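Enquirer: Sequence:
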Amino acid sequence: MQDILSMLSAIHRPRLLMRAARFGADTYRRDVHLPRLLGYGTLPRYGAALMQLMEMESALNAQRKADDTSYSLTRHIDVLIAIVAEARVMRAALS
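Once you know that position 83 of the sequence shown is 1572 in the working numbering, the rest is easy, because the numbers rise by one and skip nothing.
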């Protein structure tokens, strides 16, 4: 789990994106938001969910940097919100 948190700390995104993600993470509800992002069914554990979210975010960030027309800012922020909120829960569990 520590590796996941160190990987998260290495991610650098534009300040405005991260600010929106931190703001949205305050109202994040795992049981509502995570199925919409990862697909419906059994919710994965926090570590597995974070790994999937990080892969999705990496792809979205690559689209953003390439000025891809299929890039969705809303989706990117939603994924970042989930990452921030899941990481908060994981850090709290480790403390």
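What the hints contain is simulated information worked out from the structure, not anything from laboratory work.
Heads up, some of the hints might be wrong.
Label-pair ranges, simulated between beta-carbon atoms [stated by the list, open to error]: (1) 1558 with 1534: 20 to 28 Å; (2) 1558 with 1580: 34 to 42 Å; (3) 1582 with 1529: 18 to 26 Å; (4) 1500 with 1557: 13 to 21 Å; (5) 1492 with 1531: 30 to 38 Å; (6) 1558 with 1505: 17 to 25 Å; (7) 1552 with 1498: 16 to 24 Å; (8) 1505 with 1531: 17 to 25 Å; (9) 1496 with 1564: 14 to 22 Å; (10) 1556 with 1584: 38 to 46 Å; (11) 1511 with 1537: 29 to 37 Å; (12) 1580 with 1555: 26 to 34 Å; (13) 1555 with 1531: 18 to 26 Å; (14) 1511 with 1552: 20 to 28 Å.
Just so we're clear, the structure is a prediction, and the values are computed from it rather than from any experiment.
Think of the CB as a built atom: it goes at the ideal place given N, C-alpha and C, for glycine as much as any other residue.
Enquirer: List, from low to high, the hint numbers that the structure doesn't satisfy.
Expert: 1, 5, 8, 11, 13
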